[in-house]
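Novice: Protein chains in written order, with this note's numbering: chain A, 19 to 444; chain B, 4 to 481; chain C, 93 to 423.
Keep in mind that the hints were calculated from the coordinates and are not lab data. Mixed in with the good hints, there may be bad ones.
Here are the simulated SDA-like pairs of lysine to any residue, each with C-alpha atoms no more than 20 Å apart in a straight line [said to hold, decoys possible]:
1. B/K276 / A/L436
2. A/K322 / B/F176
3. A/K339 / A/L436
4. A/K322 / B/A358
5. A/K46 / B/R380
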Amino acid sequence: MSVAPVKARTDRLQAGLKARYARERRFKLYGVMAIAVAVGFLLLLLGRIIEQGHTAFYAHELTIPVYMDPARIDRTYPQGTNFQLLVAEQQLARFGITDDAQGTQATAMRTLLSSELKFRAAAMIRENPALIGQTVPVTAPVSDEADLYYKGEITAETPSDQRRVSDQQMAWLDQLKSDGAVQAKFNSALFQNGDSTEPEQAGVLGAVVGSALMLLVTALIAIPIGVGAAVYLEEFSPRNRLTDLIEVNINNLAAVPSIVYGLLGVALFINWMNLPRSSPLVGGLVLALMALPTIIIATRSSLKAVPPSIREAALAMGASKTQTVFQHVLPLAMPGVMTGTIISMAHALGETAPLLLIGMVSFVPGIPGGLTEPTGALPSLVYIWENASERAFHERTAAAILVLLAFMIVMNAAAILLRRRFERRW
Amino acid sequence: MIWLFLPVLIALSALAFFGGREIASRRAGASAIKAHSRPSQHGYYALIWVGVPALVVLLAAAIFSGPIEQSVMQAGAPDSIAQLEPFRRDAFFNDARLVSAGQQPHQIWPQALAEQLTQEARRYGDLSRLLSLGCIVGALVAATLGGLFVYTRISPTLRARNRVEGWIGGVLFTCSVVAVLTTLGIVFSLLWDSLRFFQSVPIAEFLFGTQWSPQIAIRADQVGSTGAFGAVPLFAGTFLIMLIAMLVAAPIGLFSAIYLSEYASRTSRAVFKPILEILAGVPTVVYGFFAALTVGPAFREAFNGLGALMVGGPLDGLGQYLMLVQNQMALVAGAVMGIMLIPFVSSLSDDIINAVPQSLRDGSYAMGATKSETVKRVLLPAALPGIAGALLLAMSRAIGETMIVTMAAGLAANLTLNPLDTVTTVTVQIVTLLTGDQEFDSPKTLAAFGLGLTLFLVTLLLNIVAQRIVQKYREQYD
Amino acid sequence: MKLPFFHNPAKASDGREGGASDNPGLPLMGGQIVPGVTDTTRPDETRDESFLTPEPEADARGAPAAQRVPAVTAASGTAGPTKIMARDVSVFYGEKQALYDVSLDIPDKTVTALIGPSGCGKSTFLRTMNRMNDTIQGCRVTGRIEMDGNDINTKAIDPVLLRAQVGMVFQKPNPFPKTIYENVAYGPKIHGLTTNKTELDGVVEASLKRAGLWEEVADRLHSAGTGLSGGQQQRLVIARAIAVNPEVILMDEPCSALDPIATAKIEELIDELRERYCIVIVTHSMAQAARVSQRTAFFHMGRLVETGNTEEIFTNPRERRTLDYITGRFG
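Whole structure, please, built from the sequences with the hints as guidance.
Specialist: Here it is, written out as structure tokens:
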């Protein structure tokens with residue numbers, strides 16, 4: 019049966035070799051390229067978000083002397099005063115510009131100032147009414163468009179349909195800056211405020227609190243039920259059709275698209291149970307149902323990892339089945355359970371689609387105070403801001419993403435630490 | 004409201020535990036018989052009998068009080084409201100509820116109805132207070148009855164431990180039933196509203212119609228008008244984006260799995276696996292943001308630039324077309340979704356390739372095969388069913404993915420397979436139909452449930468088939 | 093005899109005498125391909141080094157190892173000329189040494205049995221002869237193994253070509269999940285040994301015939317190889333190995349997963365194959381060693397204790413440990 023005479027066979031072996039090694043190298047290269055695409059994309063994604071978002075962490079503030087004009091300020095109701103216009107007019111006078119009868123210039127100047135100016139000035143007056151009649155420096159953020167100009171994201175070259183700052187306003191801003199009235203500061207509003215229609219005032223705190231409340235509900239519901247179900251299926255359940263059905267069911271639930279859970283939330287919790295729309299309660303319930311299968315699967319696999327010898331030892335000591343499970347098996351499986359749970363919570367934190375359906379697309383200013391009040395959530399805030407027309411919301415969207423990612427990184431790191439710290443190999 | 008009762012219930016249960024323990028140890032001390040169970044087990048027994056019945060009452064109240072309120076309100080409604088058409092009537096009661104909770108109504112009602120609204124809101128407030136009170140009383144009664152029952156039962160001969168363990172088993176079983184209830188909840192809620200939808204739009208119309216323009220139908224005179232709810236363009240758009248995503252994810256995911264499982268050293272595996280996991284952990288809304296603000300504009304500029312080069316040449320028509328390409332092309336959403344799916348495909352395939360027994364690799368290497376020959380000729384054929392299952396699961400993911408398409412694909416329901424066109428998907432339309440401030444009962448919102456049902460059934464089918472395949476595959480090598 | 097797996101005989105003999113490290117520039121040197129590195133439990137830092145056989149002693153003393161160290165026993169009995177010659181072969185898995193300075197001559201056209209208690213290193217030694225240890229991360233081989241006088245552990249040797257010369261049969265039958273035909277055709281296909289379908293058909297038929305399987309599977313060549321019985325699968329794997337016409341066949345406990353009847357068939361087959369090939373078989377069963385082999389080497393605790401003609405080893409061992417083992421006192 020000889021394949022070929024020795025010499026011929028040798029030649030054939032040799033002849034193919036070069037091509038075979040070339041194919042080998044090419045094949046390996048494809049693998050390297052695939053990994054490179056994945057890694058490269060991740061870097062690109064994170065890089066772009068940091069690039070777009072880092073500017074949102076600082077903002078420009080204007081410190082401007084304000085003559086607290088007694089003729090314009092109502093002592094008893096200082097917040098009723100149009101401070102922005104007042105300041106704008108004074109600033110125009112300082113620049114030596116005379117306004118027309120309609121106050122066009124003053125309006126143009128006014129739009130460079132944030133409405134925060136009004137609240138700050140009013141607060142100063144409330145605290146110390148004696149300031150009326152004096153000239154005091156007031157510090158307040160500049161408006162979002164002015165801020166973008168200072169950050170260099172809008173320039174004179176930007177096509178005029180893509181900016182709302184006129185060339186004249188730019189000149190004023192330059193003037194203010196060269197006067198030393200403008201400083202770049204850490205944008206604390208981003209972390210201290212709820213959502214707002216004015217970008218320079220908008221912050222993520224409301225959404226963070228909303229997400230936290232939601233996760234609280236999710237954790238309180240999903241963890242006990244998920245762990246309980248897993249313990250039942252892994253330790254107690256008889257092997258029969260019912261438990262087989264439950265198992266298949268759980269595996270399929272884990273793969274149901276998240277938006278379907280949103281529909282369930284709308285139909286069940288809002289339309290049927292009349293729970294309040296946009297509330298952390300409903301959001302948490304929906305996320306809990308979503309997280310349930312993941313928690314069950316993670317818990318089951320860590321229960322499986324506990325060797326049967328532990329169970330046998332406990333049973334042999336006269337412990338009942340329940341005692342064995344709750345006093346021996348579950349504590350040993352706990353690190354794995356917690357790791358799986360934290361990861362599924364992190365996943366729930368980033369889930370967006372169901373939240374949109376239960377009404378978390380609407381604008382909710384301020385910071386939610388309870389489980390039944392309308393609230394936003396971090397991922398839905400990202401969606402809302404991304405859709406906002408103001409250009410200044412773009413950088414804030416990226417910043418909100420960074421905050422969201424930071425929370426997820428913290429949670430995942432906690433999970434990894436937990437796993438490292440308590441990992442046990444049998 | 005009734006949840007404020009929860010702390011009281013917890014306190015009662017704690018009381019039951021300590022009381023039960025105390026009573027049990029006293030009765031055991033007074034008796035000559037050796038107690039079967041330890042006092043604290045009696046305590047738990049008492050806790051269960053006090054806490055669980057009350058909790059069941061509260062849960063039932065939470066689930067059913069809404070529908071009960073609704074039907075009582077409707078039964079007692081004045082004629083002027085009862086005569087409203089169903090959608091309007093539901094919206095009216097919805098607003099009455101909002102007013103009674105101190106919020107603003109959603110709609111502005113005509114003068115006559117607005118007066119009714121205040122009245123109905125008051126009636127609603129009274130009713131819901133009455134119901135809450137009833138629930139709390141019911142819960143207290145249940146707890147008391149349970150407590151009395153336990154009080155008569157505690158004795159040294161009572162097998163409290165076994166009873167408690169029986170209860171624990173029951174509770175654990177109930178936990179696992181929640182998963183089944185969730186599925187039932189999904190099926191029924193989708194079916195219920197879909198059936199209402201299919202009353203106004205024939206099912207064949209929905210499944211085979213090629214015209215999708217639901218916004219026309221919200222005008223009152225055109226409710227359920229024909230031609231507005233043909234979902235074929237959505238199915239086509241979903242399919243197109245899924246196809247693009249798989250074309251990206253399948254080769255890249257598969258090759259990274261092969262590289263990680265067959266080529267990578269331990270160190271590079273330790274570096275690259277977590278990176279893929281990070282990619283998998285990024286929320287989809289972030290991918291959506293990236294697709295909408297980075298990939299979309301970049302692709303558009305590239306195609307527009309390419310088009311500008313072609314205009315005037317032999318491919319003038321194509322050039323003209325390319326210059327008009329928009330940000331929201333199917334290609335952008337599909338490509339970014341494909342990237343999102345890479346870690347999913349890769350980790351599933353990695354598991355599956357690793358499940359191929361080492362002896363097959365050894366056999367192949369011992370024959371003098373190179374690594375790539377072994378992968379191509381032995382491992383991949385052996386792992387093929389498993390990989391097919393993994394790809395099906397990825398497809399189901401792609402079909403159900405919402406945020407990327409919502410943010411990066413368009414709303415225009417074009418029936419096309421051109422990846423440079425704007426298409427819309429089932430999930431995008433669900434979001435569009437259900438967000439906004441309209442009431443939940445118009446045909447437009449019900450259409451979302453019809454779409455949801457279709458989506459659920461298709462993904463369920465894919466998942467079941469995929470899981471079967473993967474399970475069979477695993478059993479083969481176990 | 094010229095070995096086909098040398099790309100450059102002149103360079104290769106350089107490599108043999110002057111050490112492996114002085115021909116790194118050859119494009120097709122072994123070591124470009126490291127198949128089967130899937131075991132992640134071992135450190136990988138020595139992965140590539142396993143190709144560079146360190147031979148400091150050979151260099152220092154300036155003489156080929158073969159002339160320095162005599163084999164444990166002088167070749168005696170019926171065996172053909174020495175096919176494989178091992179000198180001072182040691183194997184390390186990471187820090188752990190699994191084989192200590194084994195020197196052994198394996199004659200051609202003979203069945204050599206490697207026996208010994210489990211964990212004694214006999215399988216490890218077997219795997220050095222086709223460099224399958226290369227596929228294990230962290231595994232390192234020192235010493236010298238020559239086939240027809242050529243060191244197989246130098247960089248000049250391509251493990252892919254070496255394995256085309258040295259077939260291997262494993263403990264558990266491992267047919268690929270393909271058809272019977274595809275299984276046997278695998279080797280000729282990947283090595284490009286046949287040029288057309290007729291030739292390939294001929295090779296498949298001849299190999300199956302030689303493995304004694306043709307009669308049983310001739311009518312179902314295109315059904316799955318995994319559908320055969322255990323013994324048939326093992327003969328299929330043997331057919332697969334001989335389809336590339338190797339010179340040596342290594343068998344790692346080929347019958348341990350089989351029933352007695354299938355075992356008998358395989359043993360019969362081994363006896364027939366002896367006429368053409370150099371066969372090395374690792375076995376747990378001393379009875380099997382006695383039945384099929386002409387030469388026997390007894391391993392214990394990673395060392396070669398004794399080697400000789402099978403008859404002598406079993407009737408009149410020189411070492412106490414060998415006697416204890418074959419009489420069942422340990423192992």
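Novice: I'd like to know which numbered hints this structure contradicts. Please list them from smallest to largest.
Specialist: Number 3 - this is the single hint that the structure violates.
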